[in-house]
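Engineer: Let's have the full structure, built from the sequences with the hints guiding it.
Chains A and B, in that order, are what the protein sequence lines are.
So for the first sequence, my numbering puts the first residue at 6; every next one is plus one.
So for the second sequence, my numbering puts the first residue at 6; every next one is plus one.
It is possible that part of the hints are untrue.
Since the list gives no way to pick one copy over another, a pair counts as held whenever it fits inside one copy or between any two copies.
What the hints assert, rightly or not - Straight-line alpha carbon distances no greater than 25 angstroms define the calculated DSS-like cross-link-like pairs of lysine-lysine that follow:
#, residue 1, residue 2
1, K340, K310
2, K281, K266
3, K280, K266
4, K273, K297
5, K139, K266
6, K273, K255
7, K139, K280
8, K278, K205
9, K266, K255
10, K141, K192
These aren't lab readings, by the way, just hints derived from the structure by calculation.
Protein chains: 2
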Amino acid sequence: MRIAVDVMGTDYGPQEIILGAIEAVKKFDCEVVLVGAEAVVKEWLQKYGALDNKKIIIKNATQIIGMQEQPALAVRNKKDASIVVASKLLRSKECDALVSSGSTGAASVAAVICVGRIKGVERPAIATAIPNLKGKTTVVLDSGSIVDARPLNMVQSAIMGSVYAEKILHIAKPKVGLLNVGEEEGKGNEQALATYPLLKHTKEIAFIGNVEGRDIPTGKVDVVVCDGFVGNVVLKFAEGFAKSLLTMIKNAIVNGGLFAKLGGLLIKPAMAKLKKQMDPSEYGGALLLGIKAPFIICHGSSKAKAITNAIGVALDFARNNVVDIISEKITEAEKRNEELEQ
Amino acid sequence: MRIAVDVMGTDYGPQEIILGAIEAVKKFDCEVVLVGAEAVVKEWLQKYGALDNKKIIIKNATQIIGMQEQPALAVRNKKDASIVVASKLLRSKECDALVSSGSTGAASVAAVICVGRIKGVERPAIATAIPNLKGKTTVVLDSGSIVDARPLNMVQSAIMGSVYAEKILHIAKPKVGLLNVGEEEGKGNEQALATYPLLKHTKEIAFIGNVEGRDIPTGKVDVVVCDGFVGNVVLKFAEGFAKSLLTMIKNAIVNGGLFAKLGGLLIKPAMAKLKKQMDPSEYGGALLLGIKAPFIICHGSSKAKAITNAIGVALDFARNNVVDIISEKITEAEKRNEELEQ
Numbered sequence: 006m007r008i009a010v011d012v013m014g015t016d017y018g019p020q021e022i023i024l025g026a027i028e029a030v031k032k033f034d035c036e037v038v039l040v041g042a043e044a045v046v047k048e049w050l051q052k053y054g055a056l057d058n059k060k061i062i063i064k065n066a067t068q069i070i071g072m073q074e075q076p077a078l079a080v081r082n083k084k085d086a087s088i089v090v091a092s093k094l095l096r097s098k099e100c101d102a103l104v105s106s107g108s109t110g111a112a113s114v115a116a117v118i119c120v121g122r123i124k125g126v127e128r129p130a131i132a133t134a135i136p137n138l139k140g141k142t143t144v145v146l147d148s149g150s151i152v153d154a155r156p157l158n159m160v161q162s163a164i165m166g167s168v169y170a171e172k173i174l175h176i177a178k179p180k181v182g183l184l185n186v187g188e189e190e191g192k193g194n195e196q197a198l199a200t201y202p203l204l205k206h207t208k209e210i211a212f213i214g215n216v217e218g219r220d221i222p223t224g225k226v227d228v229v230v231c232d233g234f235v236g237n238v239v240l241k242f243a244e245g246f247a248k249s250l251l252t253m254i255k256n257a258i259v260n261g262g263l264f265a266k267l268g269g270l271l272i273k274p275a276m277a278k279l280k281k282q283m284d285p286s287e288y289g290g291a292l293l294l295g296i297k298a299p300f301i302i303c304h305g306s307s308k309a310k311a312i313t314n315a316i317g318v319a320l321d322f323a324r325n326n327v328v329d330i331i332s333e334k335i336t337e338a339e340k341r342n343e344e345l346e347q
Numbered sequence: 006m007r008i009a010v011d012v013m014g015t016d017y018g019p020q021e022i023i024l025g026a027i028e029a030v031k032k033f034d035c036e037v038v039l040v041g042a043e044a045v046v047k048e049w050l051q052k053y054g055a056l057d058n059k060k061i062i063i064k065n066a067t068q069i070i071g072m073q074e075q076p077a078l079a080v081r082n083k084k085d086a087s088i089v090v091a092s093k094l095l096r097s098k099e100c101d102a103l104v105s106s107g108s109t110g111a112a113s114v115a116a117v118i119c120v121g122r123i124k125g126v127e128r129p130a131i132a133t134a135i136p137n138l139k140g141k142t143t144v145v146l147d148s149g150s151i152v153d154a155r156p157l158n159m160v161q162s163a164i165m166g167s168v169y170a171e172k173i174l175h176i177a178k179p180k181v182g183l184l185n186v187g188e189e190e191g192k193g194n195e196q197a198l199a200t201y202p203l204l205k206h207t208k209e210i211a212f213i214g215n216v217e218g219r220d221i222p223t224g225k226v227d228v229v230v231c232d233g234f235v236g237n238v239v240l241k242f243a244e245g246f247a248k249s250l251l252t253m254i255k256n257a258i259v260n261g262g263l264f265a266k267l268g269g270l271l272i273k274p275a276m277a278k279l280k281k282q283m284d285p286s287e288y289g290g291a292l293l294l295g296i297k298a299p300f301i302i303c304h305g306s307s308k309a310k311a312i313t314n315a316i317g318v319a320l321d322f323a324r325n326n327v328v329d330i331i332s333e334k335i336t337e338a339e340k341r342n343e344e345l346e347q
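Structural biologist: Listed below in structure tokens is the structure:
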């Protein structure tokens, strides 16, 4: 297995991505292709003592797409951008999967243009796994790719998210819920009302009905289906809220007097363990589902550990034939719908 | 000042609501009208030793609207439901404000039908105040009343939420943000893209642009404007997430060995203080804005303290002429838009 790693355009610079890739090569049975400015990549590989590692290949790319650039325009104009060059390595099958922590928008566009969508998939969805109260993870999708999703997009998200949960997270018969403002079937906005009956008749998934915002962190379902606007807002809220809550707890302890401070020291190891369990970098990035090859999008602020974990997920993504299985199920669902329409 | 309190249809029964109202009469300079089954109300007043309190009036209502009933149908068919009878006390000006912790849907419908909308307000919005990192509160609206909001609804929410922040929360020139998937002006779904320019030209508010989910808990803005579907999902998520996170912390401490357990005991007072600061019942329920009289909707699981606080907010709502100020600003904005259209 050979993983393409886009090393450019991230918050902490190529060094974190390169370090994460070196660790991945040690940890997993794989090769990596580091895509970016050759001189910079070489310099860091030398510093990390990995320049002679045969499992690490360098692919030069002279351009970078920044976080603020208009994705479609940038991908079209910058033929030698690292994400474009990396995507082409997927198309030519020189690599089996791709990991990027640059602009999410640019990665999504490059994926569609350079690699292509799975036949029948109208729009790819971004799936994010978040830790839940059961000590497992809940897949939320779409988490930002498809705002103004049509009901068909939501159904395809449900199918793709279920394959992710089953084949990569190893959850047997993952339960799927539609994110809504109430549990009853008649609740919701136009989008949810139109999506509900379609999900009910999608045999490729185990649909259990509507779920509410409060059900996401409890692990009531394994896959939460929603519009990309809602998913993006909720996941970014979760990020900010967790941080705020932990800061508030820290402040309460620091300002709580001597005993509270001592207590704070005593619970430190337990809190560190919990923090690790909650740490997004443990979860190896988000999956761009619906593309003809495994595509992983990491947070722009990913550090080495997050990249190593993302490469691990990319390997699972490729080894477990997730793309082929999604393709089969999407075709199955499409065929049944055509039969129903006739 | 006289506050109508709907005592029926809540999770913990009339006793919690009645106890909260008794406390409010002691705490604030006001009268309350308890609306519900007379015999039941009398029984609890007697138990609490408040049957002779001249500031507590009973108004009999023989019917209840349950949480699962279809709101519009229930309000139309149950003329003697407590929420309907209470709303009529507002219309006749026998009461100055109303507090309910029954079905949110039924309360919203009763408000529109029995009390009526402020002239120019297309649809009332539910505003929820949540604690932020700055130790203040952020107003989120709409939090569940208007799913599939039109841009006009969002603009009116922004105006009404600003008045709430200024007149009840005492925030001078409250900053307003539009909840979106990115900060840049060109980001968003159709709804956000259409709403942004309208907010920009609304002189009644201090609009600072888009905010993301992560900005809600930090207090970056004082008023977050969003569609009712998104607001409902985010607020319910916050509720579930905070609970899950605290449970995870508790479990981490309990399972963290002897030192962690001792530490947990030492930080208990500091955590209790923080819990109080985060407790939704301290915030006195959500405000139904756009109705011709002050209308407060509490969580169905409200206990006595939440009701006492809600009555306090209802008094502020009435005393600070929030309804009149909203009415003026909505008319102002409407007039300017008409002039622009000509």
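Engineer: It remains to establish, for every hint, whether it holds in the given structure.
Structural biologist: Against the structure, the hints:
1. Taking the shortest Cα distances, K340 and K310 never come within 25 angstroms of each other, neither inside one copy (42 angstroms) nor across copies (57 angstroms).
2. With identical chains, the CA atoms of K281 and K266 are at most 25 angstroms apart both within one copy (22 angstroms) and between copies (19 angstroms).
3. Taking CA atoms no more than 25 angstroms apart as the test, K280 paired with K266 passes in both settings, with 19 angstroms inside one copy and 17 angstroms between copies.
4. Taking CA atoms no more than 25 angstroms apart as the test, K273 paired with K297 passes in neither setting, with 45 angstroms inside one copy and 53 angstroms between copies.
5. In the homo-oligomer, the alpha carbons of K139 and K266 lie at most 25 angstroms apart only across protomers (22 angstroms), although the nearest pairing inside one protomer, at 30 angstroms, exceeds that limit.
6. For the identical chains of this complex, K273 and K255 are neighbours both inside a copy (11 angstroms) and across copies (13 angstroms), given an alpha-carbon limit of 25 angstroms.
7. Taking identical chains as interchangeable, the C-alpha atoms of K139 and K280 lie at most 25 angstroms apart whether they share a chain (16 angstroms) or sit on different chains (23 angstroms).
8. For the homomeric pair K278 and K205, neither the shortest alpha-carbon distance inside one copy (40 angstroms) nor that between copies (46 angstroms) is at most 25 angstroms.
9. In the homo-oligomer, the alpha carbons of K266 and K255 lie at most 25 angstroms apart both inside one protomer (9 angstroms) and across protomers (17 angstroms), since each shortest distance falls under that limit.
10. Taking the closest pair of Cα atoms, K141 and K192 never come within 25 angstroms of each other, the shortest separation being 28 angstroms inside a single copy and 33 angstroms across copies.
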